[in-house]
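Under numbering that gives the first Met the number 0, think of the first position of the sequence shown as 0, with each following residue one higher.
It should be emphasised that the hints constitute simulated quantities derived from the structure, not laboratory data.
Misleading hints may appear alongside valid ones.
Restraint-style ranges between C-beta atoms, simulated for each label pair [stated by the list, open to error]:
1. Asn186 / Tyr84: 18 to 24 Å
2. Val184 / Gln53: 31 to 37 Å
3. Asn186 / Pro59: 39 to 45 Å
4. Ala111 / Val50: 34 to 40 Å
5. Ala104 / Pro21: 24 to 30 Å
6. Val162 / Glu114: 34 to 40 Å
7. Glu191 / Arg117: 48 to 54 Å
8. Ser33 / Gly88: 29 to 35 Å
Straight-line distance between alpha carbons at most 30 Å, and here's what the computed DSS-like set of lysine-lysine pairs gives [as the list claims (entries may be wrong)]:
9. Lys120 / Lys98
10. Lys98 / Lys20
11. Lys98 / Lys113
What you are looking at is a predicted structure, and each value in this text was computed from that prediction instead of being measured.
Built from N, CA and C at the ideal position, the CB exists for glycine as well.
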Amino acid sequence: MAPPSQSSPPSSPAKPKTQTKPPYRQIRALYTPSTITVYQAYKTSIATAAVTHQKLSASPHFRTTRMTWIKPSWSWMLYRAGYSYKDPGQERILALTMKHADFLAILEKGVATKEELRAGKLPEVRIQWDPERTVRLGRLEHRSIQIGIPAGLSERWVEEMIVGIDDVTEKARELKRVLDERPEVTNEELVELGLVPVERPFEISEELQRGLRMVEEEGEEESKV
Numbered sequence: 000m001a002p003p004s005q006s007s008p009p010s011s012p013a014k015p016k017t018q019t020k021p022p023y024r025q026i027r028a029l030y031t032p033s034t035i036t037v038y039q040a041y042k043t044s045i046a047t048a049a050v051t052h053q054k055l056s057a058s059p060h061f062r063t064t065r066m067t068w069i070k071p072s073w074s075w076m077l078y079r080a081g082y083s084y085k086d087p088g089q090e091r092i093l094a095l096t097m098k099h100a101d102f103l104a105i106l107e108k109g110v111a112t113k114e115e116l117r118a119g120k121l122p123e124v125r126i127q128w129d130p131e132r133t134v135r136l137g138r139l140e141h142r143s144i145q146i147g148i149p150a151g152l153s154e155r156w157v158e159e160m161i162v163g164i165d166d167v168t169e170k171a172r173e174l175k176r177v178l179d180e181r182p183e184v185t186n187e188e189l190v191e192l193g194l195v196p197v198e199r200p201f202e203i204s205e206e207l208q209r210g211l212r213m214v215e216e217e218g219e220e221e222s223k224v
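The whole structure should be built from the sequences, with the hints applied where relevant.
Pasting the structure below:
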């Protein structure tokens, strides 16, 4: 006679996945094993020539005489440019690809020793940590890095450090259209539609993290761009 069958105990309901809160300051970006993507907005004449010739300096309207701010966060670029509709003269958003080594070299120029700071010497590259944004432009509590490349370094950055240029203006505008027409759309769906990149933490050395103030206490007020 077969033993009575034992029914399996009822399974516990699956616990909802909890999202880990990002560190207060962290570099998040779209990157491959060798390159990283940053963003900046330009006028149409500069952007068209840059994409065609794969060089920002291809247009005579491009100047290296002032500081240029680059951003690895797609959401923060959308916020700054208003999905490309905000500022005349910055109506085209470009995705600029850099090699890891060059990106790290730029970051290292944003570090000053305590002795240099006491002497009033600021780092060559400016680093700002501003509130990260959602793709709907809402403000988040954690910070996103903005990197200011000065005029003295801009020419080298343009001529030697950018290895790819893509126009992502239409992606930004299509994203806004989808958000307007489908307010309930999820971030996962936006990723599947190719409108939001998967940005992961970009790891850097502990020494560089300290130099960029990535390990300071929360609550410090930051300057705004």
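Here is how each hint holds up against the structure:
1. Asn186 / Tyr84: 18 to 24 Å: holds, 21 Å
2. Val184 / Gln53: 31 to 37 Å: For Val184 and Gln53 the Cβ distance comes to about 33 Å; the hint holds.
3. Asn186 / Pro59: 39 to 45 Å: Since Asn186 and Pro59 have Cβ atoms about 40 Å apart, the given range 39 to 45 Å holds.
4. Ala111 / Val50: 34 to 40 Å: holds, 35 Å
5. Ala104 / Pro21: 24 to 30 Å: Given a distance of about 25 Å, which is inside 24 to 30 Å, the answer is holds.
6. Val162 / Glu114: 34 to 40 Å: For Glu114 against Val162, whose Cβ atoms are near 35 Å apart, the range 34 to 40 Å holds.
7. Glu191 / Arg117: 48 to 54 Å: Hint holds: Cβ distance 51 Å, inside 48 to 54 Å.
8. Ser33 / Gly88: 29 to 35 Å: Given about 33 Å between the Cβ atoms, the range holds.
9. Lys120 / Lys98: Holds, at roughly 28 Å.
10. Lys98 / Lys20: holds, 28 Å
11. Lys98 / Lys113: holds, 29 Å
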